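Okay, here's what each chain looks like letter by letter:
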Amino acid sequence: MIKLKELPKEEYFLPGNASCAGCGLSIALRLAYKALGPRTVFVIPACCASVIHSPFPNTAFASPCLNIAFEAAAAAASGVVAAYEKRGVKDVTVLAWAGDGGTADIGIQALSGAVERGTNFIYVCYDNESYMNTGIQRSGSTPYGAWTTTTPTGKKQHKKNVPLIMAAHDIPYVATACVSYPRDLISKLRKAKEIKGPKYIQILIPCPPGWRFPTERTIEMGRLAVQTGMWPLFEVESGKLKLNGPSARLVDKSKRKPIEQYLREQGRFRRLTNEDIEVLQKWVDGSWEHYERLI
Amino acid sequence: MAQLIIDTGNHIAGYACKAAKVDVIAAYPITPQSSVVEQIADFVETGEMDAKYIRVESEHSAMAACIGAAAAGARTFTATSAHGLALMHEMLHWASAARLPIVMAVVNRAMGPGWNIWADFSDSLSQRDTGWIQFYCADNQEIFDTIIQAYRLCEDKRVRMPTMVCHEGLVLSHTSMPVEIPDQKDIDEFLPPYDPPWILDVDKPVTHGSLIYPEWYMEFRYFMDEAMKNAKKLIPEIAKEYGRKFGREYGGYIERYRCDDADLVLLSMGTIGSEAKITVDRLRNRGFKVGAARVRVFRPFPKEEIQNLAESAGMLTVIDRHISYGMEGPLFIEAKASLYGKEDGPLMAGFIGGLGGRDVTYLDIEKIAQKSLKYLDTGRVAKEVEWVGLRR
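Residue numbers (the numbering used here), protein chains in the order written: chain A, 0 to 294; chain B, 9 to 400.
These are calculated hints, taken from the structure and not from any lab test. Treat each hint with caution, since some may be false.
[Stated by the list, open to error] Listed next, with one range per pair, are the computed distances between beta-carbon atoms: (1) L6/A <-> D211/B: 52 to 60 Å; (2) K241/A <-> W206/B: 38 to 46 Å; (3) A17/A <-> D352/B: 57 to 65 Å; (4) P200/B <-> P213/A: 36 to 44 Å; (5) P213/A <-> P121/B: 48 to 56 Å; (6) T54/B <-> D251/A: 57 to 65 Å; (7) E9/A <-> P121/B: 51 to 59 Å; (8) A167/A <-> R400/B: 54 to 62 Å; (9) K2/A <-> D203/B: 56 to 64 Å; (10) K248/B <-> G134/A: 51 to 59 Å; (11) K253/B <-> K190/A: 53 to 61 Å; (12) T54/B <-> K241/A: 38 to 46 Å; (13) Q11/B <-> Q108/A: 36 to 44 Å; (14) D211/B <-> K241/A: 30 to 38 Å.
Please read all numbers here as calculations on a predicted model, not as lab measurements. For glycine and all other residues, C-beta sits at the position ideal for the given N, C-alpha and C.
Taking the hints into account, I'd like the entire structure generated from these sequences.
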């Protein structure tokens, strides 16, 4: 794993962007950009990133970016990759950067198609667990019980596991990451950059206005998500799952903090009853049993 | 050396794609378009064509991939029909507003339900306002020639708007005709390699498609309309240059057949326009001064050319292979709008026919013409819009 002092000092996600205070996405963009360097071409569908990075005529990106329609990031990235292959453009990383709605919901068809075709690109889903840009509406990636503006009494279904859906496509590299663990995040993007073919990385992005917590606690929320097992850090290569960083020792259930510690810190889970928490805890434990079988 | 081959409209569209040296094709199969993309797959896999072929999982992704590829500096092509085109709708707007010169063959097919794989213009005419240049062909040679010209037109820096080249499903898509494929060297002279003014280049970074506030949005739309006006000027120039080089011209915006002294002009698009020539000959033999005019370009619309037609004719009868429900046939609407405010304008009548692949034969057109001649005699159009050959 990369050492902190090895992190590049150059900034490629530039100041002056329009993100909210405490925005987890802006941290992720800054880190990912540091990991991949300026020879990166972004493809960004409708999402928070498309709004914050470049209100015309400005841009906060140091390298080219193609904005594209909501469901089309993976398909448009396929086109960029094909054009570069045909034109002999080398040493450029094509990076689709989409939110969880644009990935788990409206964009999943194009994503599935692009990875099935073996497209040589990195697809990052930055997962803030709702349609934040449109005003905190429920997505397939919203966890059970969470308040959103379209689930005012809490979501009744569990979070869709897109990383495992991607792993089922048998692609060379699938990983999860979280902005609270920057060295892990950077190492995974760097690793993905060196692998040929489709790479999928889902980064958990705590969102202060959407999750209802104070803006200075973004990193803490991410840590709690990982420590409680709500968001495991792992990689899947050749069908084998490997737990990373703090998640590595959490297979033992007793090592995981109770999810209540995570839930109680966020306004979006305020209405959860003890029964709801039990339902969610059961789901978390069940998903860990599943991960264990894939190790 | 030029080569004479006999093949279907769809295969010929594939030949044009190869002759245009397209870099990236992204396509999804749909009847009756499928043999376009099959032909291109053959060319690519046998090495006859040096291109990347993305076999996408939907038409929406086909257009998105073309947009990505064009923005990254590739000459791009796709083809679709009916529901595929409708699924692309969002990306059609995106392609034109992103000013990317994508060329697409549209094999015209009716929209369902009920499922219907036969020809009408409901698919492409529904995309009228997406900012795409639209050509309509009447034979297989015209498909080839128009696709080559389409690249030259839409890649011009004064234009930079995507272009549809439409031909009717089954009527042309699956009908074999002799077609001359020009020598590649001559095509290369006419159509130089794609030279975009900007691309996604890490050494010259720019952001495309940014969030744009009301303070600036309208200006970009104004530029698109200006680009269409530039296309309007360039289309006949390019057609003439192509004609000089390859010996084939189709009349620019409107193919006029025996229109010069005609009292009645039958205005249509696509293959109904070529069928109408038979009707014209038969009626001319009987002493009626009838002509046929075939609109080849629907966007930008040939307003002045329609005005020019109307100057000499006493009556303009429009045959539409589509209906804008609650109004009239789209060509009829546009033709009338073109003549608004002109003094001594012609009588005008609209006929709707050929929907969902229903044949419109020269005899059907003859009935339309005879009815129109009666209107012309009496100086009054008894029925402004009439459906042709309707079962009752």
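Against the structure, the hints:
Taking 52 to 60 Å as the suggested C-beta distance range, the pair L6/A and D211/B does not conform, at roughly 24 Å. Remark: the range hint 38 to 46 Å for K241/A to W206/B is upheld by a beta-carbon distance near 42 Å. For the hinted restraint 57 to 65 Å between A17/A and D352/B, the CB-CB distance of approximately 59 Å keeps it satisfied. Remark: the range hint 36 to 44 Å for P200/B to P213/A is contradicted by a beta-carbon distance near 60 Å.
Here the CB-CB span from P213/A to P121/B is close to 54 Å, well matched to the stated 48 to 56 Å. Our hint of 57 to 65 Å for T54/B and D251/A holds, since their Cβ atoms are close to 58 Å apart. In this structure the hint that E9/A and P121/B lie 51 to 59 Å apart at CB holds, the actual value being about 57 Å. For A167/A and R400/B, the Cβ-Cβ distance of about 56 Å falls inside the hinted range of 54 to 62 Å, so the restraint holds.
At about 46 Å, the beta-carbon gap between K2/A and D203/B misses the expected band of 56 to 64 Å. Checking the proposed 51 to 59 Å range against K248/B and G134/A shows it holds: the Cβ atoms sit about 55 Å from each other. For the pair K253/B and K190/A, the supplied restraint of 53 to 61 Å holds, since their beta-carbon distance comes to about 54 Å. A hinted range of 38 to 46 Å for the beta carbons of T54/B and K241/A is consistent with their spacing of about 43 Å.
Taken as a hint, the range 36 to 44 Å holds for the pair Q11/B and Q108/A, whose Cβ atoms sit roughly 41 Å apart. A hinted range of 30 to 38 Å for the beta carbons of D211/B and K241/A is consistent with their spacing of about 37 Å.
Going down the numbered hints, you'll see the structure goes against 1, 4, 9, while the others check out.
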